[in-house]
Amino acid sequence: MTGFRRLAALLLAALALLAGATACATRPPAVDPPGPVDDPASAFPAKVQIPGQEPVTLAQQPKRIVSLSPTATETLYAVGAGDQVVAVDQFSDFPAQAPRTELSALNSDAAAIGGQNPDLVIAPDSATELAEGLRALDVPVLLTPAPASLDDAYRQIEVIGQATGHTKAAKNLSGRMRSDIERLVESTPKPPRPLTYYHEVSPDHYTATSQSFVGSVYALFGLTNIADPAGGPFPQLSEEHIVQANPDLIFLADTKCCQVTSAAAAARPGWNALTAVREGRVVELDDDTAGRWGPRVVDLVRSISEAVKKTQHG
Amino acid sequence: MPVTALPRTRLRPSHLLLGVAALLLCVLLAVLTGAAELGWQRVLGELVAQVTGGMSPLSEREAAILWQLRVPRVLLGALVGAALAVSGAAFQGVFRNPLADPYLLGSAAGAGLAVTVVIAVAPELAGGMSVPVQVAAFTGALGGVGLTWAVGRVSGADTATLVLAGVAVGAFLTAGQTFVQQLRLESLEQVYMWILGRLTTTGWREVLLVLPYLAVAVVVLCLCGRLLDLLGTGDEEAAALGVRPGRVRALVLVAASLATAAAVSVAGLIGFVGLVVPHLVRLAVGGGYRVIVPLSLLFGGAFLVLADMLARTVMAPAELPIGVITAFAGAPFFAVLLYARRTA
Chain A
16 MTGFRRLAAL LLAALALLAG ATACATRPPA VDPPGPVDDP ASAFPAKVQI
66 PGQEPVTLAQ QPKRIVSLSP TATETLYAVG AGDQVVAVDQ FSDFPAQAPR
116 TELSALNSDA AAIGGQNPDL VIAPDSATEL AEGLRALDVP VLLTPAPASL
166 DDAYRQIEVI GQATGHTKAA KNLSGRMRSD IERLVESTPK PPRPLTYYHE
216 VSPDHYTATS QSFVGSVYAL FGLTNIADPA GGPFPQLSEE HIVQANPDLI
266 FLADTKCCQV TSAAAAARPG WNALTAVREG RVVELDDDTA GRWGPRVVDL
316 VRSISEAVKK TQHG
Chain B
2 MPVTALPRTR LRPSHLLLGV AALLLCVLLA VLTGAAELGW QRVLGELVAQ
52 VTGGMSPLSE REAAILWQLR VPRVLLGALV GAALAVSGAA FQGVFRNPLA
102 DPYLLGSAAG AGLAVTVVIA VAPELAGGMS VPVQVAAFTG ALGGVGLTWA
152 VGRVSGADTA TLVLAGVAVG AFLTAGQTFV QQLRLESLEQ VYMWILGRLT
202 TTGWREVLLV LPYLAVAVVV LCLCGRLLDL LGTGDEEAAA LGVRPGRVRA
252 LVLVAASLAT AAAVSVAGLI GFVGLVVPHL VRLAVGGGYR VIVPLSLLFG
302 GAFLVLADML ARTVMAPAEL PIGVITAFAG APFFAVLLYA RRTA
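From first to last, the protein sequence lines stand for chains A and B. The opening position of the first sequence corresponds to residue 16 in the working numbering, with each subsequent residue numbered one higher. The opening position of the second sequence corresponds to residue 2 in the working numbering, with each subsequent residue numbered one higher.
Isolated chain A, as found in the complex (with noise of 0.2 Å):
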């Protein structure tokens, strides 16, 4: 009996002494004290909201950001915080100096990601239990759902800006970003009679309509897009439909996933009979640009706008 009380006391003191070790812990802080910020506007600490997202505060500028969404990763580098970027996902493949992992928000856990040390984790809306495990580890993450439209584009870049302290810069960015989509949009003549499309996302027919964030940049030019009555964002199209559509314009955004051309396009069963493709307007898009809503959705605009404009020069 009393070997047993010897045990049972040893056991609580070792117990108690670990938890007096972990309560006295001194640890340093997990970021460095805060640095200048490019603009007055910039004032850390910050409260920074995207629409329909919590608001994330971060108590000073961050100086080691995480990316794992491919359009955050554009827009960081576009409003000047590249050099705060330690990271970023398998998917970000723009620019070409942006620290690419194999991290992931669909199979990365909190612990993957907090093992970067991150002061600003940055990820798809979708990612909300990895957002939870972060923020238990105390990291603020900011979580930028798909826009509707081109205005919530803007006000995510601004919001990008002034979490990263670079407010000004993203201020301008998306000021020239919509003075250059709006020149791009008057400078195309209006075409006679509305013009419809379809915009292809993969080969099998999955497509974008109307209610798609590409979808409300076609919009711009009046385009009808044929997958409307198909309901949703990205439905798959019956390929029958297509063809009995005939669109004017075919976009094709599959080119670098799946390596789809306009003359692999034309030589699909039924296509031959398509006046978009007999008339050459089956335009190939970069998928990247037609797939995220960062800075250079402008070269989106330009590649339908030069499309439409081609229609009515023959």
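These are computed hints drawn from the structure, not numbers from a lab. None of the hints are false.
Computed beta-carbon distance windows for the label pairs:
id, chain 1, residue 1, chain 2, residue 2, range
1, A, T326, B, L45, 35 to 41 Å
2, A, S225, B, A169, 47 to 53 Å
3, B, P333, A, S225, 34 to 40 Å
4, A, R150, B, T179, 26 to 32 Å
5, B, T162, A, D124, 37 to 43 Å
6, A, A111, B, L25, 55 to 61 Å
7, B, L45, A, T143, 52 to 58 Å
8, B, L29, A, R115, 50 to 56 Å
9, A, D314, B, Y340, 55 to 61 Å
10, A, D314, B, F180, 34 to 40 Å
11, A, D124, B, A332, 28 to 34 Å
For every residue, glycine included, the Cβ atom is placed at its ideal position computed from N, Cα and C.
Based on these hints, arrange chain B on the given structure of chain A.
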């Protein structure tokens, strides 16, 4: 057991006629309907014009929709449905297990792993059922069955061991597939779509591709109907009647696996056809495999043509993966069947 214990139902001409009529009717119905509203009268007019050489009521684009998209797809559906159902009937006969289906022996898992590897290595091959994907699916399906066969042979030759080996091999290969998918996350979507099954064609190519394999397998399986009935009486009884159970089993498994592999290679994984159709036939006309095998062929084709017609039209102009339709019909049926067996 005396020979008189064999199922006595013979394949009646009326049953055969009913099967042929059902298949032709479903094919016609499916050709008349689709996402593109061509109008069934005009499609009928086009069919008549083709036969008689008269004036076609369809425009060039509409004719392209009918002849290059819809008709090959309907025929492919008939072939794939026939292949899966006839294999299902054969597997149920070989294993003397009414819940066996073409995917039981690791063929689906083998095809899944092989296709995932191909899509992960060369994602540009994923769309539109490219030839490498078809070859991968075909060899993967046969490889999965081969592996199951090898494991089953080592562990013992009885059917229960083979089924267990199939489950183990299937689980292993599926884990391999998941592992590869996690390594290459960008392939997730393509693999997922393939697994759900699809009958989108690139014209007549798939129809011609699957036809020879299916023809060989179907002839073998239909000829083996009586042998499957003999196996049903037990291995010893069958042997006493001059049948070598091991050889029959191997022959039927090879033929059924070939038909399944051909179907999987062009249409992805379409579940439940091989389970549901032979059971419906058994419930409707009863009898032995001499009846069930050929009728499963006809009704399997009809079933999948109808399922695909729904997949094409229920949400038109959007598509539903055909696997969703067959599982919607198949899963409740499976449950009812289990319940009926329990209460019988």
